Amino acid sequence: MERGQPSRFSINPNPTTMQSLRHRINPKTFVITLRQIAKHLKINQERILNWEKWHNVLWIHIQGKGGYFVSYRKLEQWISACRTLIRYCPNLNTLDTLWQSILQEAQRYSEDALSRLEAIWQQRYTDLSNPPQT
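What the sequence shown shows, in this note's numbering, is residues -16 to 117, in sequence order.
FYI, nobody ran anything at the bench for these hints, they're computed from the structure. Bear in mind that the values here come from a model prediction, so they are computed numbers and not experimental data. Note that the Cβ used here is the ideal one computed from N, Cα and C, for glycine as well. Each hint should be verified, as a subset may be incorrect.
[Unchecked claim] Calculated cross-link-like contacts (lysine-lysine; reagent style DSBU-like; alpha-carbon spacing at most 30 Å):
#1 Lys57 - Lys36
#2 Lys36 - Lys22
#3 Lys22 - Lys48
#4 Lys11 - Lys22
#5 Lys25 - Lys11
#6 Lys11 - Lys57
#7 Lys57 - Lys25
#8 Lys11 - Lys36
#9 Lys11 - Lys48
#10 Lys25 - Lys36
#11 Lys48 - Lys36
#12 Lys22 - Lys57
#13 Lys48 - Lys25
[What the hints assert, rightly or not] Pairwise CB distance ranges (calculated):
#14 Asn39 - Arg70: 33 to 41 Å
#15 Thr16 - Asp110: 28 to 36 Å
#16 Gln106 - Arg30: 33 to 41 Å
#17 Gln106 - Asn9: 23 to 31 Å
#18 Gln19 - Leu111: 18 to 26 Å
#19 Val40 - Asn113: 35 to 43 Å
#20 Gly50 - Asp110: 42 to 50 Å
Construct the entire structure; sequences and hints are all you get.
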């Protein structure tokens, strides 16, 4: 890590940063399939009796288990949306605010997802820190 570069573990306690991520990604636009849900839960899709998109989570009724909730942040669509937001950050300040938002809810992401997001964040940080000279 270069000198002066923000640490990936620094957390901004400002609660508005976490809200900004939820407001910038709209799970209602996600195309989610029964097959994807079953794969995520590692169950046979015939065991899923019903499922609904709720505001912050997916609600899934699983045969023999009852109601089950899955955070959108566990889905690949959310990670993909985060990657897109990172790639198109126009400046370091916006990038840092976005990264702080992701870090504030880091416990909701898998280790693999965080590693992938960090790699994209690192690349974007480098790109914005070293703009092409004309």
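Going through the hints against the structure:
1. Lys57 - Lys36: Roughly 14 Å between the alpha carbons, so the hint for Lys57 and Lys36 holds.
2. Lys36 - Lys22: The hint holds at about 17 Å.
3. Lys22 - Lys48: OK: Lys22 and Lys48 at ~16 Å, within 30 Å.
4. Lys11 - Lys22: Holds. Lys11 to Lys22 sits at ~20 Å (cutoff 30 Å).
5. Lys25 - Lys11: holds, 23 Å
6. Lys11 - Lys57: holds, 15 Å
7. Lys57 - Lys25: Between Lys57 and Lys25 the Cα gap is close to 13 Å, so the pair holds against 30 Å.
8. Lys11 - Lys36: holds, 7 Å
9. Lys11 - Lys48: holds, 26 Å
10. Lys25 - Lys36: holds, 19 Å
11. Lys48 - Lys36: holds, 19 Å
12. Lys22 - Lys57: holds, 12 Å
13. Lys48 - Lys25: holds, 14 Å
14. Asn39 - Arg70: 33 to 41 Å: violated, 25 Å
15. Thr16 - Asp110: 28 to 36 Å: holds, 34 Å
16. Gln106 - Arg30: 33 to 41 Å: holds, 40 Å
17. Gln106 - Asn9: 23 to 31 Å: The hint (23 to 31 Å, Cβ to Cβ) holds, given that Gln106 and Asn9 are roughly 25 Å apart.
18. Gln19 - Leu111: 18 to 26 Å: violated, 33 Å
19. Val40 - Asn113: 35 to 43 Å: Between Val40 and Asn113, where Cβ atoms are some 40 Å apart, the hint holds.
20. Gly50 - Asp110: 42 to 50 Å: holds, 44 Å
In terms of the numbered hints stated before, the structure departs from hints 14 and 18, listed from lowest to highest.
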